[in-house]
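Peer 1: What follows is the residue order along each chain.
There are 2 protein chains.
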Amino acid sequence: MTAAVRIGGATRLYAIIGDPIAQVKSPGVYTMLFAERGIDAVMLPAHVLPGRFDESVRGLMALGNLDGLVVTVPYKARMVPFATRLGPTAARIAALNALRREPDGTWSGDMFDGAGFVQAALRKGAVLAGRRVALFGAGGAGSAIACELVAVGVASLALIDPAPQRADTLARLLAAAFPACDIHVAAGVAGDRDMIVNASTVGMHAGDGLPGDIGPLDARTLVGDVVVTGTGPSALIRTASERGCLTVDGHDMFAGQMDALMGFFHPEAASLAQAANAAD
Amino acid sequence: MTAAVRIGGATRLYAIIGDPIAQVKSPGVYTMLFAERGIDAVMLPAHVLPGRFDESVRGLMALGNLDGLVVTVPYKARMVPFATRLGPTAARIAALNALRREPDGTWSGDMFDGAGFVQAALRKGAVLAGRRVALFGAGGAGSAIACELVAVGVASLALIDPAPQRADTLARLLAAAFPACDIHVAAGVAGDRDMIVNASTVGMHAGDGLPGDIGPLDARTLVGDVVVTGTGPSALIRTASERGCLTVDGHDMFAGQMDALMGFFHPEAASLAQAANAAD
Chain A
47 MTAAVRIGGA
57 TRLYAIIGDP
67 IAQVKSPGVY
77 TMLFAERGID
87 AVMLPAHVLP
97 GRFDESVRGL
107 MALGNLDGLV
117 VTVPYKARMV
127 PFATRLGPTA
137 ARIAALNALR
147 REPDGTWSGD
157 MFDGAGFVQA
167 ALRKGAVLAG
177 RRVALFGAGG
187 AGSAIACELV
197 AVGVASLALI
207 DPAPQRADTL
217 ARLLAAAFPA
227 CDIHVAAGVA
237 GDRDMIVNAS
247 TVGMHAGDGL
257 PGDIGPLDAR
267 TLVGDVVVTG
277 TGPSALIRTA
287 SERGCLTVDG
297 HDMFAGQMDA
307 LMGFFHPEAA
317 SLAQAANAAD
Chain B
47 MTAAVRIGGA
57 TRLYAIIGDP
67 IAQVKSPGVY
77 TMLFAERGID
87 AVMLPAHVLP
97 GRFDESVRGL
107 MALGNLDGLV
117 VTVPYKARMV
127 PFATRLGPTA
137 ARIAALNALR
147 REPDGTWSGD
157 MFDGAGFVQA
167 ALRKGAVLAG
177 RRVALFGAGG
187 AGSAIACELV
197 AVGVASLALI
207 DPAPQRADTL
217 ARLLAAAFPA
227 CDIHVAAGVA
237 GDRDMIVNAS
247 TVGMHAGDGL
257 PGDIGPLDAR
267 TLVGDVVVTG
277 TGPSALIRTA
287 SERGCLTVDG
297 HDMFAGQMDA
307 LMGFFHPEAA
317 SLAQAANAAD
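Chains as they are written, first to last, in the working numbering: chain A, 47 to 326; chain B, 47 to 326.
Treat the hints as calculated values from the structure; they're not laboratory data.
We put the beta carbon where it would ideally sit given N, CA and C, even for glycine.
Treat the hints loosely; a few may be bogus.
A partial selection of chain B residues facing chain A, derived with a Cβ cut-off under 10 angstroms [what the hints assert, rightly or not]:
#, residue
1, 61
2, 93
3, 94
4, 173
5, 174
6, 175
7, 214
8, 218
9, 232
Calculated from the model, a selection of chain A residues having no Cβ within reach of chain B, i.e. all distances over 10 angstroms [what the hints assert, rightly or not]:
#, residue
10, 67
11, 71
12, 74
13, 104
14, 105
15, 211
16, 227
17, 292
18, 310
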């Protein structure tokens, strides 16, 4: 999407960095949000080439009128050393997707991929505390979502990944920080789970099925999927909807992340955002 | 001014670099011109701090989707080493105000401050060839204008500057390149001149008078002034208008430079620009 915006000499800059960049939606979305909230700022697409990563990022961060960065594939881990300090999720998983310049010129970084999921679920009226979760995918998105789910008090978290090593690493990391939660690696979905989240890439391609055997679903199961397709719901979301489950899809997550990121960049505008959401 | 524009992931970037930056008009003006010509691009204000000049410029030029830079005070000379090649005016005066990325990734730089003046004068129907010119100011703007005036064939050029050394340096430089033109340093305006241009800063401040003794003016004298004020015409332009002279002011120059720069960045759109000007 693109947004109608105004730009002048005093306009403040934000940039989303990634490779490739032409497909990103953030420039249009955040630029429009800034405009709606009366903030004279734009979100630029910045195509950072892998071989020129350091000089591109240093150059952007050196600009006197650049106030923040959003970070997308493949740079979420590579940006970590550029933050002066990290929020709890970014520190835990050693990846970030947003950097904000503080008034003293230092940079705070944090990871909002998981916060977007949690915020979207809460906005739909879901209760997350006490849930028994099966999570497919322990990569970047899965790690971020896992962090946020244990932080909001799910009772158990089963990590399912074709690469058991990375699921195990994530499980150990989270178990150390959240001893009250039952965090473990699993080969499949156990019968007692009441929440299923797909954070794997299964579903991104036409003809993809479910991320794995999800067993029988009943209407009390909360089902989430990070996948965004251009062709309607993923197989997982479609199946869940048919069974009457509450669902959180990739579009919901993106909207949830918008709120979280706007709150990070412009805390004073966050209450306005919440008011606008309440009116949706 | 600000312009209503659309911005998305595929939008191409141009930036104007300077310090300070909040006062520049180029972001609004060029972003609007891009939009009018169906070019998906924006012109950003980039606040480049003097102590972080090299890293800022290198970072911007490293971005895969940045196609050009406009350069303003105080960086027109400092940017020269970043160009792979220079146009004739930029090479002569060792200053540039625009850089364009070529398809092979190299950078071409040139200086359009003088071209803007010449283009504005021609658009008003002025004949420049054969003129006997008195030019106040041999700094950046004066040097650029002097270059373009001798290139379009003025008969003589008297350079008047409180610092005779820099007027002398410019005169020698131009005389070597354009032996047919009578180029010399002068202390004041001689009686035979039929064109007066102010490229000094006199006129920028409220209460400023003329840049020097301009002698009697008649209606055949072409009078130009680089000064842009927020409070109406400069004393020089006001005086010239009262005498019935054809005038070229700072706003005319900025408009002329817009055309020259758009032609530099997007040669294929230049003919459209000329068509639009013809319709003004």
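Peer 1: Confirm or reject each hint.
Peer 2: Taking the hints in turn, this is what the structure says about them:
| no. | hint | result |
| --- | --- | --- |
| 1 | 61 | 9 angstroms, holds |
| 2 | 93 | 4 angstroms, holds |
| 3 | 94 | 7 angstroms, holds |
| 4 | 173 | 36 angstroms, violated |
| 5 | 174 | 32 angstroms, violated |
| 6 | 175 | 37 angstroms, violated |
| 7 | 214 | 36 angstroms, violated |
| 8 | 218 | 37 angstroms, violated |
| 9 | 232 | 37 angstroms, violated |
| 10 | 67 | 6 angstroms, violated |
| 11 | 71 | 7 angstroms, violated |
| 12 | 74 | 5 angstroms, violated |
| 13 | 104 | 5 angstroms, violated |
| 14 | 105 | 1 angstroms, violated |
| 15 | 211 | 34 angstroms, holds |
| 16 | 227 | 37 angstroms, holds |
| 17 | 292 | 31 angstroms, holds |
| 18 | 310 | 21 angstroms, holds |
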